[in-house]
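Undergrad: Chains as they are written, first to last, in this note's numbering: chain D, 113 to 333; chain A, 113 to 333.
Where chains are identical, the list cannot tell them apart; a pair therefore holds if satisfied intra-copy or between any two copies.
Capping the alpha-carbon separation at 25 Å, the derived lysine to any residue pairs in SDA-like fashion look like this: (1) Lys271 - Gln243; (2) Lys233 - Asp250; (3) Lys312 - Ala153; (4) Lys271 - Leu245; (5) Lys312 - His150; (6) Lys175 - Glu163; (7) Lys283 - Ala255; (8) Lys283 - Phe192; (9) Lys312 - Ala263; (10) Lys233 - Glu154; (11) Lys312 - Arg258; (12) Lys312 - Val242; (13) Lys283 - Val256; (14) Lys271 - His182.
Simulated from the structure, these hints should not be mistaken for laboratory data.
Number of protein chains: 2
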Amino acid sequence: MIIVAGGSGTRMGADLPKQFIELNGKPILMHTLEAMHHFDAEMQLILVLPENQMDFWENLCGKHNWAVPHLLANGGATRFLSVKSGLEHATGELVGVHDGVRPFVAAEMMVRCFAEAERSKAAVPVVPIVQSLRIVHDGGNEAVNRDHYRAVQTPQCFKTAVLREAFDNAKRTDYSDDATVVEANDVAISLVEGDQENIKVTTPFDLQLGQLIIARRTPSN
Amino acid sequence: MIIVAGGSGTRMGADLPKQFIELNGKPILMHTLEAMHHFDAEMQLILVLPENQMDFWENLCGKHNWAVPHLLANGGATRFLSVKSGLEHATGELVGVHDGVRPFVAAEMMVRCFAEAERSKAAVPVVPIVQSLRIVHDGGNEAVNRDHYRAVQTPQCFKTAVLREAFDNAKRTDYSDDATVVEANDVAISLVEGDQENIKVTTPFDLQLGQLIIARRTPSN
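Let the sequences and hints guide you as you build the complete structure.
TA: Here is the structure:
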C-alpha cells in the first residue's frame, strides 16, 4: 500500500501539516499506517512524505516509540508525482493508494477493494451522494441527479503492472486521483462499496469528527 | 419559513421518525425551529408534519414545555406535496424551505439566502464537493471534475410568488428538491455560500456528529 501524505497543513489552519496532527494522542498518519498493519502485518507499507518532513517524521516515531515497519519515499510536487515515487518501491501483484489523512479505513473495505482489483484490474471505494447536486458552468448552474454520481474514497486498488503502465503513459502530472490516471490509459474502473466513516481529515471540523469516531471505537471501560 | 419534517425514521434504523430523535435532551425538530426563532422571532414558521404525527408532536411540545410559535400543516405523500401544503400558509414576500432535520442552520447563512432571494428570486446555499466524483451510467462510470459541482443544502429561499407559481405549474410531484421545481419553471437559481456544519441528520453517525456540534457550541463554563 502506498500511503500519500503530502499535506502542508494550510487547509487545517495550522502550521503543522495535517498528517502530523494528533488524534487521541497520536499523529493521524500513525493511525492510518496502524490500520493497514493491523489488517495485514505482511502488507508492504510505502509512506510517501515530502523530503523536508522526513526528519520530523522519524523524530515523531522515536518520540511515540512507534515501530510499524514501513518504507519511506520522497514526495513530489503533485500527488501524481508522489504516487509515482512510491510506486517505484511496490513489489506485490496488487497495490493500493491511500490518503495518509484517512485513518479510519476499515479492514472489510480493504478486502473488498483488493478482491475487486484482482478480479478487474482497478477498483475504488465509493459512497452515495446524500445531498442534492448542482453543476456550475459559465452561464449559471443546474440540478443534476445525484443518483447518477458517487463520491470516491481511498484506498484505490490496482494490479501493480496496470497502475505502473498508466503512470508511465500519463501525459499530465496534475491528476488529483489515481483511478483517473488509470482510466486515461483506457482501463475501466470498478466501483466497490465505501464507508461513510472513512473520512479524509482536512479541516478542524474533520478533526473533531475524527475524535468522535475514535471515541466510538474505543471501549469505554 | 416552511420546515419540512416528513421522515419516517427508516434510514435512522429507529422506530422513532428522525425529526423526533433527541439531541442534547431535545427533539431535533425543536432545535431546528429554535434556530429559526432565535434568528428572527417575527419569522412565520410553518411546520409540515405527516398528519399521523401531529398528536405526537403536540405531546412532545407539552412534555418539553416548549412554546416557539409555529403553524402546523399536513404533510403529503412526497416532499413536493408537503412543501405545497406548507406554502398555502405562507404570507410574506419571501419564503424559505428548510429540512426539519438540519438543526444547525446558522443565522448568517439565512441572511445570505434571503438577501440573495430578494435580489434574484431564488437562492440556495451550496458547499464545495471535497471528494473525487464519478458519474455512473449503464456502460460503466467515469471521473468528472468535482470543481464543476456543488452540494445543495437548505434553507432554499424564494420570492413567495415565484415559488408558488412554480409549484402550481409543476408537471410532476416527485421533486426531492425545491429549487429544481423553480428551475423547471424557467427561473434561474442563485448559489450562495453554505456551511459545512449545516448537516442533515439522517443516520446514527450524523446523530453523533450532531452531538459533537452541540457540544462545540455549548459554552463549557
